[in-house]
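S.K.: Single-letter residue listing:
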Amino acid sequence: MMRHQMLKVSLRQRTLAAITISVLLLLGMVLSGLWIGDEKLGINPAEMNEGPSLNHLFGTDWLGRDMLARTFKGLTLSLGVGILAAFSSTMIALVLSLFASWSEAIDRIVTWLIDLFLSVPHIVLLLLISFAMGGGFKGVVIGLALTHWPSLTRVLRAEMLQVKTAEYVGVSKKLGKSRLWIARNHILPHLMPQLLIGFILLFPHAILHEASITFLGFGLPSEQPAIGIILSESMRYLSTGMWWLAVFPGLSLLLMVALFDILGQSLRKWIDPFHGQKGV
Amino acid sequence: MLLVKRIAFYITGKCIKLAVLLIAVSILSFILVSHSPIDPVQSYIGADITRVSPEQRDNIAEYWGLNEPPIQQFLNWGKHLLQGDMGTSLIYRSPVAEVIAERFLASLALMSVAWVLSGLFGYVLGMTAGMKEGTWVDKLIKGYCFTLASTPAFWLGLLLLMLFSVWLGWLPIGLGSPAGILEEDVTFMERLRHLILPAVTLSIVGVANIALHTRQKLVDVMNSDYVRFAKAKGEHGLKLLWRHGLRNISLPAISVHFASFGELFGGAVLAEQVFSYPGLGQAVVEAGLGGDVPLLLGIVLCSTVFVFIGNLAADILYKVVDPRIRRGEI
Amino acid sequence: MALTEVDKGIPLLKVEDFALSFRMYKKRLREQRMQVIRKLNMTIHEGEIVAVIGASGSGKSLLADAILGILPDNAVCEGTLFYKGDVLTGDRQERLRGKAISLIPQSVSALNPLMKIGKQVQTAVQNGNSKIRQRSIFQKIRLPEGTDNYYPYELSGGMARRVLTATAIIGNPDLIIADEPTPGLDPQSLQEVTGYLKNLADSGKGVMFITHDIDTALKAADKVVIMNEGKTIETAVAEDFTGKGEGLRESYTKTLWNALPQNEFIPISESHFKNEIEDDRKLKVNGLAYRYSNAPYLFKDLSLSVNPGEVVGLFGYSGAGKTTLAQIIAGYLKPDNGTIEIDGRTVSRSGAHPVQLIWQHPEKTVNPRWRMRQTLFEDGSLDRELLNDLGIKNEWLDRYPSELSGGELQRFCLARALGSNTKYLIADEMTTMLDAITQAQIWHAVLQLVKQRHIGILAISHDQHLLWRVSDRIINFDELVKS
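Just so you know, the sequences run in chain order A, B and C. In terms of our numbering, the first sequence has 314 at position 277, counting the first letter as 1, and numbering is strictly consecutive. In terms of our numbering, the second sequence has 961 at position 284, counting the first letter as 1, and numbering is strictly consecutive. In terms of our numbering, the third sequence has 99 at position 57, counting the first letter as 1, and numbering is strictly consecutive.
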């Protein structure tokens, strides 16, 4: 009995641990990516096509470049793009949902916009925007920013409607508070946690989509060591059996995306234990 | 009688919605495309000047209304669209409508196999997890789904390609059919062999969403007042699950699965690229890379209709579930 | 327990030192153990109706779940349950529930919304031809033919209650647990329900009647178990609840009994209000009409008035549209027609409304993210004297709403509503969710404040006794709508 209780780690501790560990790992990834200089990414004809070894944990490619360094650089790049895109999308979502709370007409317009953007397959829309911007870094960031807000806006709008119709907001109105006061004191504080969590949970999507359209050839230019580029290049060497070119970079991308997901989910649990009664 | 009227009303409403949607999407995509540094007409003609005969050039100029303001160009395009003429594809040198029709069929085969498979597996996994909520089975399935949700679809395709085609050599590396054989001579089995890997990739990715949704819904139902009362009545085990779980979850689950057509299409674009499968997804990538504006716009509209149909099916299913709708009281 | 248990033989159900707690997660995932029931003792014999009485939210429904063995996984139980003398284990519960022990749930939400009624009732039949059994029981309980083909949403409130009862008794159980079967019912429906329960008891079954309303309980029960803070305070026979409660042993029970509006409550003051003001200084509602989009009119041409310093009781049963009226007068809803004037003028839309509404559920009317101090500040400044009068303790100011009880929260809501601008209060079932003692305390404070500040009150309730106590005059909502 005693032992059982000692071994039992509470949900709070587990959640906090998950948050800490994912933040640390993500920080580690980014810092090492930033720390890697250009010399590490250089061509080294002496070490071409080497499999994973202690010297090169992820192996080297057909130009003798260290895949570990390229992968980490690529992840940092992905993160940068992800931050820009997720931040802009979150801002769009916040502004649109605040607008939607103003009047029913605007709400209908916002809802229609959400439906419009969700009515074209996400990848196709990204492709179209990237095409319109002439591809490259700008095209990716703008494309990601313009296509990731609908789902978050939907969530925020629903939250907003819920607060807006809450009895305590009605009471506040009848106590003579202005709409602005209510927006600032009741609605915004309620939305902030949702916004933060939404922002973090947008990351995985943005990063995955960035990698996808880069892989398709619409994203970051091919001289950048982006994960999408690395993976699309690896396709050419698949039949030669150089599996490490695809496996490790992809796995690292998966890890990063999963870490952001875990971070977001744990934060949500911590801030707002939704079905908190369940003692799982 | 009332029901017929309501259905007619519903259909008209949805048709209007689709029309408005298509107009909005075409305006939006036309604006995007015309802002692109790649001018639709110039790229068309300039791409390979020697292969464009003066006659063709005139055709194109007539189609788009060269030198006219963008609004006029858009109206020209729209007029042709309404007449069923989507223009001529630059890369494929044939009418866009034909290209899309042929490619769409190939994609449809891929997507429907993947859709059915992921639906079945996702549903079963979700039910299992929901039934055993909180146990290690549940945690395993949940973990599996969350991992899948973080997995880049194209990377998964690459892994499968490496494993089954390069190492094991069980399945072909790419293309919808073996090279060097005439289209008519390709056997059904050959086609199937080329379909397997992309379809498997696509269905593995699609499982996560439906499984997590089914699980959550089942958990909600099991905590509902009516399951409490059913338990109090002495119902238990599989019977309880059958009467109250499956009944209340199944149609909504299928509905959610229909609503995921957008992601399905996106996944198909990536899978087709990895496996060089000659479907609509591959065509849209090539159209984008090659500056083939008519094809690009055509596919955008086509995929919009595809997603709309999925959402429509979802909506109808939701309505069918509701006994009030079935009794014709709303 | 000096009751005559010995000569009744082995009880049908015996609950011994029962305790129940939950593992819960609060904000920031702090694990908490919520003790719902601390120490509960009771027995039910065959042919007996035992009422279990506790305030709303005191975990009475969970007692039903515990007896049936259908508690959620995160519940922890202590103590022992005996059924017909033997310990009620999980195995036995599984065998008995639906057969020997059955449940009458509170509302129609206990029916599967996508399954026809007949089918749902039939699933409760363990052996025999379920269809015939279902038909005969529907006849017996006077459900119209064809009801079995209905979906739950097609049932009226009364039919739903009968269906639930039918489901509970179709398996011919020995012990029936009725979980709050009478929420805010009109006397006729109440009579019907209590009639059923009595019939069941007369045919030799044991009935456990869970409710928060002593008055209702006494209409049916033989024995009453009073719970407070999760403990059995006293088990008394129904006859003890007479007079000033001389037959009751515990002081809490006595206080509770005497706090009932029909008993001591607050000494009725002579109607302090003389109907002499004939000028415009009053809340005047004229010709109100309202309906929800396509539904029939809740009321057309409804008029009433409240004078300053007067307490007007508005009486009506649940579902009649009283709450809608309250929200219209307080400016939450716009009427389709009619005017609301205060001192001869219509109310401007901006600024603090001179008519403040006190809602039935105080926990919904305060921002859950705010400490109580901030909630009070929403109305301006802290009026120490007012807080004192309402019995608000200083240390409550720094707590969050989730850390206070319903009664404590309602005091805050009153304090917030009694700002300097407020001329009228509408108390919409203000104390319905509270126990009788708290109800009496709050009304006591409110009536004094109202006199001091010359504020008019429109008190809305389904509780006639309460309105008799607090009001200067009473209006019947039904008559108001009809006229």
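Don't read these hints as lab results, they were simulated from the structure. One or more hints might be untrue.
To be verified - Straight line, CA to CA, 27 Å or less: simulated DSS-like cross-link-like pairs of lysine-lysine:
#, chain 1, residue 1, chain 2, residue 2
1, B, K916, C, K81
2, B, K819, B, K756
3, A, K211, C, K173
4, B, K819, B, K809
5, C, K493, A, K211
6, B, K996, C, K406
7, A, K211, C, K376
8, C, K161, A, K210
9, C, K286, C, K326
10, A, K211, C, K342
11, C, K68, B, K816
12, C, K161, C, K68
13, B, K809, C, K68
14, A, K211, C, K326
15, B, K996, B, K894
16, C, K173, C, K158
17, A, K210, C, K273
18, A, K211, C, K465
19, A, K201, C, K68
20, A, K201, C, K376
21, C, K326, C, K296
22, B, K682, C, K286
23, B, K996, C, K324
24, A, K210, C, K158
25, C, K261, C, K273
26, A, K210, C, K376
27, B, K819, C, K68
28, C, K158, B, K916
29, A, K211, C, K286
30, C, K81, C, K68
31, B, K916, C, K261
32, C, K435, A, K211
33, C, K273, A, K201
34, C, K465, A, K210
35, B, K894, C, K158
36, B, K916, C, K324
37, C, K141, C, K182
38, C, K326, B, K894
39, C, K273, C, K286
40, C, K161, B, K894
S.K.: Next, verify each hint and record whether it holds.
M.R.: Here is what the structure says about each hint:
1. Proposed proximity of K916 (chain B) and K81 (chain C) is contradicted: the alpha carbons are some 36 Å apart, above 27 Å.
2. At roughly 51 Å between alpha-carbon atoms, K819 (chain B) and K756 (chain B) are farther apart than 27 Å, so this suggested pair is violated.
3. Among the hinted pairs, K211 (chain A) with K173 (chain C) is inconsistent with the structure: their alpha-carbon atoms are about 56 Å apart, more than 27 Å.
4. Taking the CA atoms of K819 (chain B) and K809 (chain B), the gap is about 11 Å. The hint holds against a cut of 27 Å.
5. Only pairs whose Cα atoms come within 27 Å are accepted, and K493 (chain C) paired with K211 (chain A) is accepted, the gap being roughly 23 Å.
6. Among the hinted pairs, K996 (chain B) with K406 (chain C) is inconsistent with the structure: their alpha-carbon atoms are about 32 Å apart, more than 27 Å.
7. The straight-line distance between the Cα atoms of K211 (chain A) and K376 (chain C) is roughly 13 Å, inside the 27 Å bound, and the hint therefore holds.
8. Proximity of K161 (chain C) to K210 (chain A) is assessed by CA-CA distance (about 48 Å); at most 27 Å being required, the pair is judged violated.
9. Taking the CA atoms of K286 (chain C) and K326 (chain C), the gap is about 40 Å. The hint is violated against a cut of 27 Å.
10. Of the pairs offered as hints, the one joining K211 (chain A) and K342 (chain C) holds, with about 25 Å between alpha carbons and a cut-off of 27 Å not exceeded.
11. Note on K68 (chain C) and K816 (chain B): the hinted pairing holds, with a Cα-Cα distance of about 23 Å set against a maximum of 27 Å.
12. Simply put, K161 (chain C) and K68 (chain C) have alpha-carbon atoms about 40 Å apart, too far for the 27 Å limit, and the pair is violated.
13. Of the pairs offered as hints, the one joining K809 (chain B) and K68 (chain C) holds, with about 25 Å between alpha carbons and a cut-off of 27 Å not exceeded.
14. Only pairs whose Cα atoms come within 27 Å are accepted, and K211 (chain A) paired with K326 (chain C) is accepted, the gap being roughly 18 Å.
15. For the hint linking K996 (chain B) to K894 (chain B), the alpha-carbon distance of about 17 Å falls within 27 Å, and the restraint holds.
16. This hinted pair checks out: K173 (chain C) and K158 (chain C) have alpha carbons roughly 13 Å apart, not beyond 27 Å.
17. Simply put, K210 (chain A) and K273 (chain C) have alpha-carbon atoms about 41 Å apart, too far for the 27 Å limit, and the pair is violated.
18. Restraint check for K211 (chain A) and K465 (chain C): the C-alpha separation of about 13 Å stays at or below 27 Å, so the hint holds.
19. With a CA separation close to 24 Å, the supplied pair K201 (chain A) and K68 (chain C) stays within the 27 Å bound.
20. At most 27 Å may separate the alpha-carbon atoms for a hinted pair to count; K201 (chain A) and K376 (chain C) meet this at roughly 17 Å.
21. As the CA atoms of K326 (chain C) and K296 (chain C) are separated by approximately 41 Å, the hinted pair breaks the 27 Å bound.
22. Proposed proximity of K682 (chain B) and K286 (chain C) is contradicted: the alpha carbons are some 66 Å apart, above 27 Å.
23. The straight-line distance between the Cα atoms of K996 (chain B) and K324 (chain C) is roughly 51 Å, outside the 27 Å bound, and the hint therefore fails.
24. For the suggested pair K210 (chain A) and K158 (chain C), the alpha carbons sit about 44 Å apart, so the restraint of at most 27 Å is broken.
25. Annotation: proposed proximity of K261 (chain C) to K273 (chain C) holds, straight-line Cα distance about 23 Å (limit 27 Å).
26. The straight-line distance between the Cα atoms of K210 (chain A) and K376 (chain C) is roughly 14 Å, inside the 27 Å bound, and the hint therefore holds.
27. In summary, the hint linking K819 (chain B) to K68 (chain C) is supported, as the alpha carbons are separated by about 24 Å, within the 27 Å threshold.
28. For the hint linking K158 (chain C) to K916 (chain B), the alpha-carbon distance of about 17 Å falls within 27 Å, and the restraint holds.
29. Distance restraint check for K211 (chain A) and K286 (chain C): the Cα-Cα separation of roughly 43 Å exceeds the 27 Å cut-off, and the hinted pair is therefore not satisfied.
30. As the CA atoms of K81 (chain C) and K68 (chain C) are separated by approximately 24 Å, the hinted pair is consistent with the 27 Å bound.
31. A C-alpha spacing of about 39 Å is found between K916 (chain B) and K261 (chain C), which places the hinted pair above 27 Å, so the restraint is violated.
32. Proximity of K435 (chain C) to K211 (chain A) is assessed by CA-CA distance (about 26 Å); at most 27 Å being required, the pair is judged to hold.
33. Distance restraint check for K273 (chain C) and K201 (chain A): the Cα-Cα separation of roughly 40 Å exceeds the 27 Å cut-off, and the hinted pair is therefore not satisfied.
34. Only pairs whose Cα atoms come within 27 Å are accepted, and K465 (chain C) paired with K210 (chain A) is accepted, the gap being roughly 17 Å.
35. This hinted pair checks out: K894 (chain B) and K158 (chain C) have alpha carbons roughly 21 Å apart, not beyond 27 Å.
36. The straight-line distance between the Cα atoms of K916 (chain B) and K324 (chain C) is roughly 63 Å, outside the 27 Å bound, and the hint therefore fails.
37. About 19 Å separates the Cα atoms of K141 (chain C) and K182 (chain C), which keeps this hinted pair within 27 Å; it holds.
38. As the CA atoms of K326 (chain C) and K894 (chain B) are separated by approximately 50 Å, the hinted pair breaks the 27 Å bound.
39. The suggested pairing of K273 (chain C) with K286 (chain C) holds, with an alpha-carbon distance near 23 Å, which does not exceed 27 Å.
40. A hinted pair counts as satisfied when its Cα atoms are at most 27 Å apart, and K161 (chain C) with K894 (chain B) qualifies at roughly 23 Å.
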